[in-house]
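Novice: So you can see what is in the structure, the chains are spelled out below.
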Amino acid sequence: MPEATALDIPADIAIRLSRTMMLIRQFEEKIVDVYGVQDMKTPVHLCIGQEAIAAGVCENLRTDDYILTTHRGHGHCLAKGASPRELYAEFYGRRQGCARGKGGSMHPVAPECGVLGASAIVGGSLPHAVGAALAIKMQGGDRVAVAFFGDGATDEGVFHESLNFAALKTLPVIFVCENNFYAVSSPILARRCNDNIVLHAQPYDMPNEQVDSMDVLKVYHAAHRAVARARAGEGPTLLECRTYRWKGHVGPEADHEKGCRPKEELEDWMQRCPVEYLNQLLLAEGIITEEALAESTREIERELDDALEFARQCPFPDPREVLENVYYTGA
Amino acid sequence: MPEATALDIPADIAIRLSRTMMLIRQFEEKIVDVYGVQDMKTPVHLCIGQEAIAAGVCENLRTDDYILTTHRGHGHCLAKGASPRELYAEFYGRRQGCARGKGGSMHPVAPECGVLGASAIVGGSLPHAVGAALAIKMQGGDRVAVAFFGDGATDEGVFHESLNFAALKTLPVIFVCENNFYAVSSPILARRCNDNIVLHAQPYDMPNEQVDSMDVLKVYHAAHRAVARARAGEGPTLLECRTYRWKGHVGPEADHEKGCRPKEELEDWMQRCPVEYLNQLLLAEGIITEEALAESTREIERELDDALEFARQCPFPDPREVLENVYYTGA
Amino acid sequence: MPWTKVYLNVEEMADTLQKEGLRGISYHEAILEAQAQAMESDDRVFIMGEGVDDPGGIFGTTLGLAERFGKDRVMDIPVAENAMTGIAIGAATVGMKPVFVHMRNDFLPMCMDQLVNHAAKLCYMTGGRLHVPLVVRAIIGRGWGSAAQHAQAFHALFMHIPGLKVVMPSTPYDAKGLFLAALDDGNPVMFIEHRWTFNAVGYVPEEMYRVPLGEGIIRREGEDVTIVALSQQVYEAMKAAAILEADGISVEVVDPRTLKPLDEELILSSVSKTRRLVIADVAHRTGSVGAEIVCRIAETSADILVAPIRRVCFPDTPIPASPVLEEAFYPGADDIVEAVREIVKGS
Amino acid sequence: MPWTKVYLNVEEMADTLQKEGLRGISYHEAILEAQAQAMESDDRVFIMGEGVDDPGGIFGTTLGLAERFGKDRVMDIPVAENAMTGIAIGAATVGMKPVFVHMRNDFLPMCMDQLVNHAAKLCYMTGGRLHVPLVVRAIIGRGWGSAAQHAQAFHALFMHIPGLKVVMPSTPYDAKGLFLAALDDGNPVMFIEHRWTFNAVGYVPEEMYRVPLGEGIIRREGEDVTIVALSQQVYEAMKAAAILEADGISVEVVDPRTLKPLDEELILSSVSKTRRLVIADVAHRTGSVGAEIVCRIAETSADILVAPIRRVCFPDTPIPASPVLEEAFYPGADDIVEAVREIVKGS
Ligand SMILES: Cc1ncc(C[n+]2csc(CCOP(=O)(O)OP(=O)(O)O)c2C)c(N)n1
Ligand SMILES: Cc1ncc(C[n+]2csc(CCOP(=O)(O)OP(=O)(O)O)c2C)c(N)n1
Ligand SMILES: [Mg+2]
Ligand SMILES: [Mg+2]
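Residue numbers (UniProt numbering), protein chains in the order written: chain A, 1 to 331; chain B, 1 to 331; chain C, 1 to 347; chain D, 1 to 347.
The set of hints was computed from the structure by calculation and includes no laboratory data.
Ideal Cβ positions, reconstructed from N, Cα and C, are used throughout, including at glycine.
Pairwise CB distance ranges (calculated):
1) Met208/C <-> Val37/B: 40 to 48 Å
2) Pro55/C <-> Asp212/B: 25 to 33 Å
3) Gly64/C <-> Met270/B: 27 to 35 Å
4) Gly332/D <-> Glu29/A: 33 to 41 Å
5) Gly140/A <-> Met208/C: 25 to 33 Å
6) Glu245/D <-> Gly332/C: 47 to 55 Å
7) Asp72/C <-> Lys71/D: 45 to 53 Å
8) Val37/B <-> Asp303/C: 56 to 64 Å
9) Glu112/B <-> Asp42/D: 18 to 26 Å
Calculated pairs, DSBU-like style, for lysine-lysine (alpha carbon to alpha carbon, straight line, at most 30 Å):
10) Lys169/A <-> Lys71/C
11) Lys41/B <-> Lys263/B
12) Lys258/A <-> Lys169/B
13) Lys263/A <-> Lys71/D
14) Lys273/D <-> Lys345/C
15) Lys169/B <-> Lys97/D
Please put together the full structure from these sequences, using the hints given.
Specialist: Okay, here's the thing in structure tokens:
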């Protein structure tokens, strides 16, 4: 664990960041716990290790701002305010799931708090965020849209096309690349000749930052600057958030167990756990106590147990519902 | 006409460059002459004004090197050695056309001299050049592949994907962007926030040059460097060749006649005719005489008249040939 | 009824409509008017596409709109079909109503991912929490030696994709009415226009009206054979019907107008009467819309048809450039006539 | 004959093959072996795809190949399907023979432009001067709550595109033989594998052999009804046939094996005998391959069928995630049985 730097944000924000990260971590770990039973029949892409990005970015967002996410989207949804109950219910394929059981783990959605969905096609939801930002610009106001995506998505042409249009029209969108250095088991340097995603902003004269995302404060500040620019009508930003996923691409096992990467690599990164890092800092600065932290953990645990219980007790959809929602049929 | 700088290449090369540019110019002007009769039933995208790029790049290529081109491809094919007879015959839809009348003006092909075809889909042939370069690398030798494409193609994701892979695998490919500042009638700044295409090479650590392509010597030298690197196994280069097309996007009229752009803009660029520019330089340096130039013009004229005559006398394909060549059926 | 009538030429229209005091305009004017009225009456509507603000105005269908509504609402775009479609989708999910114009249908494979994997599925995979009101105008039709990449038609592909709707208006009246209905629909609608119909003329009311998606129409009644004709082939079918009438063959011409949803009932009732079917399409044969229509009939009963069916469509070859090959490639009224004669004689 | 036999389980195979001293291996092993032998015997062959060198080895179908042939010939690639397909095409035009592997067919819309506008057309639009020997392996099939974007099948789309060929092997024997034939073909071949067939077992000779494209096969002979079954549905059809036999209904199961070119003759001769047709497919209903098959029959004669046809396929909805909805969505042997009973009873 590296030396904790001084806390440079108000305590209430710091505490919220801590809580959001813990919520995400515990939400995902609960999936790890229950997944073996095989009644959560949906491919889960866990974001353990990457929590600081969702927390640090979304702390800067309002309910009326939009986010778009990917196959690895649980954390983003939670940080933006989506209901754990509806998320778990969705993963269990239940009717009260946020997508009525139609979407599963890869397609969470929560329009009530600005979560405009997720694509399981790499890069697929990136232009949607740009489109939401275009709509914002046409409709007026100072809302912003955020696209979360992985380093894999930056291989796709649609990433570049999206950046170009956002820059051209000075749209209020923040591109948040979670660079965890892998796409499935393909290391980033097998897919591109360097690992500096942030360079892609330069041809578009787009502000950009490469952010060590084991430190949520750094993410928070970078996102803060980006969101401020976007709200002020100054256009898009590309944030490259360098991070690491602890679990395998899909499912609850770790990648080294399948031989996809060295165990030491994971262990090194785990030394820099983003949740631990902030919590140690808060403890060191006397902003929270060990007891408060433990209580927080328990409280989240209770909330998530309740959510899981809720999800499992929800009814399944009626089989006939398979035919519904193919088309919108009016409000 | 700007001051002619000193000629910095051997005279024989300079004379070939002049001849190639004149061939392209006269080839295109002959189409302008005959197009009104409406018996050349194919949409022609003329490259008048842009000749220096085809000439300057292809002067560095061997017959066993490859080029890939676009809807605006006549000049590239001629510079690489394609037969004017077969090109005209193709445009007239005849059986002796280079594509047996199947392709028309937008799909010239001449495998015997390394012309691997053209795509009328913007950006479509770019990855084919990268694929040819990949094959070269696998097969061995010091051949290179060149992709010609317009500024419009750089809007497409496939451009970025192609650059990335070429850089990743250090492939012997040269990306030659003919930046004529328009895609159909859409000015470049309506499509991107700056007009420096060359910036797109930077995220891939790819050598790149922005080249004033009214001066064929500059193109020649830039291409020379790029081809040398590629042959030496040092990988790809992006050349942004700044140029201007004198004619409309398609057909023999100029764009200002349709109200697509100001007449003055064209006139300014016409002041810097690349063919004139080199010829003036050659005259000034005493490398050619007015008479030799005039004779050259007449010789090309005779060759092209012959080609046109040939094309017009070729038989049309048999209507049943419509069903042929859908599939390859063996050598 | 003037709004169902197919006029084969301007003179015929002038005669009929002027007598009745009805306004006749062309197909491209009808689309232009529909878009202008939509934008006038609804702030959420905007148009995007390569060259929509260009002096040619997409065959006249967007002429003057940029001047009238501004370039923010009539937006030229980068040549980047996939992201731009995604951008339209994103805007549509948060309250806008984009109209995306493709000068040529051939560019749609570039944005197939956003159309097939996203636009078509967002409503379903979010359990109806999002939807995508998006009209994609895609222009098809024979050019001038345009060759393999510039004259295709993909309506059969889109028909296979749940979540999309597919519309193919043949007349000016339907072009306007179906466009406005598509824009209201709240779903992604592939709106397919054939460039050879752009100068077709017909009665088009000035006010805004809708032609409901999923309702076909009988263009001409007949007894002996049904021709289901798509888009521009409606005109060819009408010509063929006139020729065949002289032979004493009575032809019913059905124009489905929308392919997805398909007016199966109308087709079935026509075919149940005539018991013979020719499909006239503007796309390749194998896997064409005609196959689906025939299959729907065959799913209903084996007793409906008394003669083999015929498809008049493109052969299964890419599109050639040479005028001689184009001539061999493209079917027309004469091919329809021949197909009808074959199955009427044969039975 | 062991090479036409469909084994419903490992035990059945073990019994039969071991007795005859024939080698039985699984579908994924057959594909692996075919690729290894192709690479061994031909320097021009190489494999590219996201994760082809990954420990999972694309359901085992590329396992060990990177170690054996090197990562230059078994090439992991960036997540950039469109350019990578174009790169395969470019390499193919100058003498290489790429095999492009897509872990999921759903990613093909990303490269639709290169497949539809380029691979399919290059031979034609260059008058045969170039051609594209390219095999695109695309894996389809039900996952585990994979939802709308991860379990689709697009064979019907590709069937509509002239210049492409479409292959859908159901057995290990055909997987190997059709793969090697596809690789020899010199044209772009969509090679579609269903993940539920990967563990199917059967006789597969060790030597290299080819199963010609365009030849279907009768998997089971019968008199009363023809089931044309695609890919994994061949297994369901065989199960259904066994069940129906008990009812005294004699079922003929036809496996077309390739869709483009389609063995129309084989299907026609079977249907001419049984005069009843059910099509079992692994894709959405509207615009499906079944429609084309029915249409080909209807083009031949109106007298062949004596009962309505049935399509057993996906409904026209995107694919849902919930297990309950998946269960309702996916058809199986029971649905085939029901469909057959309907049209046998009804006539
Ligand atoms: C277009 C497309 N190609 C391939 C895939 C298969 N795939 C699923 S996730 C993934 C890797 C994504 O990597 P990245 O974007 O870095 O996100 P991460 O999983 O690392 O968070 C791939 C290749 C896909 N879903 N979509
Ligand atoms: C994918 C695609 N989108 C749109 C078009 C229509 N189109 C034809 S040429 C062209 C502009 C190309 O501009 P550029 O690449 O700069 O080449 P230039 O014509 O200027 O030489 C466009 C948009 C197309 N052919 N393909
Ligand atoms: Mg990643
Ligand atoms: Mg240009």
